[in-house]
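All chains, please: the whole structure from these sequences, using the hints.
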Amino acid sequence: MGGEAMTALLLEGVAHAYFGRTVLDGVALRVAEDEIVALVGPSGCGKSTLVHIAAGLIEPLRGRVVAGYRRHGMIFQEPRLLPWATAEDNIAYPLRLAGVARGERRERARRAADLVSLDRRDLDKYPVELSGGMRQRTAIARALVVEPDFVFFDEPFTALDVALKRQMQDLVIAAARQARFAGLFVTHDLAEAVRVSDRIVVLDERVRGIAGERFVGIAHGARDDAAVFAAVQSYLKEDPLFRHLHETDERRVA
Amino acid sequence: MRRVVLDRMGRLGRFFWSGWVGVAGLAVFAALWQQGHEAYGDFILPSPIATFAATGALLQSAETWRLAWETGARAIQGFALTALLGGVLGLAVGYSAAAMRLARPLLTIVMGVPPIAWIVLAMIWFGSSTGTVLTTTVVASFPLVFANVAEGVATRDRALEEMARAFGAGPLQRLRTVVIRHVAGRYFPALAVALGSTFKVAVMAELLANIDGIGVALATSRANLDVAQSISWVVIIVAAIFIVEYGVVQPIRAELERWREAARPWGVKR
Chain Y
1 MGGEAMTALL
11 LEGVAHAYFG
21 RTVLDGVALR
31 VAEDEIVALV
41 GPSGCGKSTL
51 VHIAAGLIEP
61 LRGRVVAGYR
71 RHGMIFQEPR
81 LLPWATAEDN
91 IAYPLRLAGV
101 ARGERRERAR
111 RAADLVSLDR
121 RDLDKYPVEL
131 SGGMRQRTAI
141 ARALVVEPDF
151 VFFDEPFTAL
161 DVALKRQMQD
171 LVIAAARQAR
181 FAGLFVTHDL
191 AEAVRVSDRI
201 VVLDERVRGI
211 AGERFVGIAH
221 GARDDAAVFA
231 AVQSYLKEDP
241 LFRHLHETDE
251 RRVA
Chain Z
1001 MRRVVLDRMG
1011 RLGRFFWSGW
1021 VGVAGLAVFA
1031 ALWQQGHEAY
1041 GDFILPSPIA
1051 TFAATGALLQ
1061 SAETWRLAWE
1071 TGARAIQGFA
1081 LTALLGGVLG
1091 LAVGYSAAAM
1101 RLARPLLTIV
1111 MGVPPIAWIV
1121 LAMIWFGSST
1131 GTVLTTTVVA
1141 SFPLVFANVA
1151 EGVATRDRAL
1161 EEMARAFGAG
1171 PLQRLRTVVI
1181 RHVAGRYFPA
1191 LAVALGSTFK
1201 VAVMAELLAN
1211 IDGIGVALAT
1221 SRANLDVAQS
1231 ISWVVIIVAA
1241 IFIVEYGVVQ
1251 PIRAELERWR
1261 EAARPWGVKR
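Protein chains in written order, with this note's numbering: chain Y, 1 to 254; chain Z, 1001 to 1270.
Rather than coming from a laboratory, the hints here were simulated on the basis of the structure.
Heads up, the beta-carbon is just placed ideally off N, CA and C, and yes, glycines get one too.
Hints are not guaranteed to be accurate.
Label-pair restraints from in silico Cβ distances [claimed, not checked]: (1) Y/R102 with Z/V1193: 31 to 37 angstroms; (2) Y/E213 with Z/A1254: 53 to 59 angstroms; (3) Z/A1099 with Y/I58: 24 to 30 angstroms.
Some chain Y residues judged to face chain Z by a derived CB distance under 8 angstroms, without partners named [to be verified]: (4) L97; (5) V100; (6) Y126.
Shown next, in the form of structure tokens:
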């Protein structure tokens, strides 16, 4: 029982197929409490599908998903904000779904906005009036407002420019440390995986699932640019696990 | 709280202020009308002033108000029925791709039959009664509302729905918080068009089926060759449409579409 209690998320024998083409088969994955696991792999290998299955958005063809966490949040590749609601109402949306009273909703939305350094003045604006970075901050605040103990990240910063991406990664790292949530972080950027995660799981379409995993052996405080760069280089040059990471022919996938 | 009230008053003020533009447009119309009057004379086209005087005289009598109320009540009933049926059925059909495909040819048939034919049929079914007017108005304006709502549901943002699902929204909550708001963006413009056609068809049905109301009054003034009075009746109908559109439909729409307003560049906004 003791070991089971420490598990935040457990996938067993998960399989999925799109129109008869099997993308995932026999996937087993365990995410511990307080652990951020990065899922990397070439595009089309089923990373997104796997995180959607884990979050309960897609019913897997076979296998089971056991959630050990209480509440989860999710951050998508695009902000996916309600265009007709202000930033504050967007952040408070999960609370509205949960039936939280208006006053408390406001209070908690503001706290979540502070957590991602959203300006109070921007909270009354509609998504169209916000910049791309502000929109993604809003989306992160929306995931954090429920005080989740698990967060699903589906390539959340792929569309952002380099500087903004860094800021957002730092934000997630800080939030994870402060709010102590576990997470499953899908990305195809190995440097991003090294920066934010504790463990990197590599998906490969050849094996239709997990090809292997590596623990990021650098302390969170010591992950400066040089260390991240060195780690990425050593993975790509010396580690056979990462050999196929950038070898995708997207014409075949599409 | 105070900010909310001020914000609301500001928007209300802007709404009324935008009325001046409307007045300017009407003034241009009146000028063209005056030109027509001066070219063709009093009998063909009475001047705007004479028409408004005739309208004023008409409005003095209680009978006018009664007739306008009769027609207005019928048109609004038809409009409400259209809004309700079109909204509910559109939502239901929009969710099912198969039902959508089935509904399309039916809509083409319903829209292809001219309103005048519906009036004839309705007269046979219901006689000279309110039922005739209601049937024709609903048949004339329902397809537009229905098609827009169904199309709105079909083109809903599935990514947003997935987001809602990720945060634990059930089907009803998704309908309430995501789909309805998306559909409203097409529903209200369709209602504004439907409103105009409801009033027009109601008057036409009254005129042809000889049902007490503005339609009959219009027929009488035509029989008397009283052009000023005929136009006066038209003015009264248009005024009624204005009242319902800018008193009910547009305010609700503006309330739901505040975010679109926010997205507009300054030059377009004012």
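Right, here's what the structure says about each hint:
no. : hint                                    : verdict
1   : Y/R102 with Z/V1193: 31 to 37 angstroms : 36 angstroms, holds
2   : Y/E213 with Z/A1254: 53 to 59 angstroms : 55 angstroms, holds
3   : Z/A1099 with Y/I58: 24 to 30 angstroms  : 25 angstroms, holds
4   : L97                                     : 5 angstroms, holds
5   : V100                                    : 12 angstroms, violated
6   : Y126                                    : 4 angstroms, holds
Going through the hint list in order, the structure does not satisfy hint 5, though it satisfies all others.
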